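*Asks:* Numbered according to the numbering used here, the sequence shown spans residues 12 to 94.
Hints in this document: simulated from the structure, not taken from any laboratory. All of these numbers come straight from a predicted model, not from anything done at the bench. Fair warning: there could be bad hints in the mix.
[Said to hold, decoys possible] Computed Cβ-Cβ distance ranges for the label pairs, DEER-style:
1) S92 <-> Q71: 18 to 24 angstroms
2) V66 <-> Q91: 31 to 37 angstroms
3) A90 <-> P19: 19 to 25 angstroms
4) Q91 <-> H65: 15 to 21 angstroms
5) S92 <-> V55: 22 to 28 angstroms
6) V55 <-> Q91: 29 to 35 angstroms
We put the CB at the ideal spot given by N, CA and C, even for glycine.
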Amino acid sequence: MIASLSLPPDSGRDAVLAVVRAGAISDDLGARLVRVAGFRNILVHQYMSIDYDHVYDMLQHELSAFEQFLNQVGAFLDAQSLL
Numbered sequence: 012m013i014a015s016l017s018l019p020p021d022s023g024r025d026a027v028l029a030v031v032r033a034g035a036i037s038d039d040l041g042a043r044l045v046r047v048a049g050f051r052n053i054l055v056h057q058y059m060s061i062d063y064d065h066v067y068d069m070l071q072h073e074l075s076a077f078e079q080f081l082n083q084v085g086a087f088l089d090a091q092s093l094l
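Make a model of the complete structure from these sequences and hints.
*Replies:* Spelled out as structure tokens, the structure:
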């Protein structure tokens with residue numbers, strides 16, 4: 012989607028921010044997804060020292076961000092006649 016809008020990202024964080032700038036998702040959801048992307052980096056690069064309480068907390072509080080992302084992007088694409 013962001014490539015079709017000529018907003019190529021340099022990182023996962025930049026991809027989320029580009030989608031926010033395009034108006035496809037809210038600022039609040041963008042902030043949540045940036046936290047999730049950062050958490051993903053911790054899981055991948057520091058897997059030997061993972062704080063399982065932090066994993067549980069992220070799953071409890073941020074998992075719904077993915078459903079919100081799908082809903083908001085779907086509405087955006089529908090409004091733009093891209094879906």
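*Asks:* For each hint, tell me whether it holds in the structure or not.
*Replies:* Now for the hints, and whether the structure bears them out:
1. S92 <-> Q71: 18 to 24 angstroms: violated (37 angstroms)
2. V66 <-> Q91: 31 to 37 angstroms: holds (36 angstroms)
3. A90 <-> P19: 19 to 25 angstroms: holds (22 angstroms)
4. Q91 <-> H65: 15 to 21 angstroms: Once the Cβ atoms are compared, 37 angstroms apart, the range 15 to 21 angstroms for H65 and Q91 is violated.
5. S92 <-> V55: 22 to 28 angstroms: violated (37 angstroms)
6. V55 <-> Q91: 29 to 35 angstroms: holds (33 angstroms)
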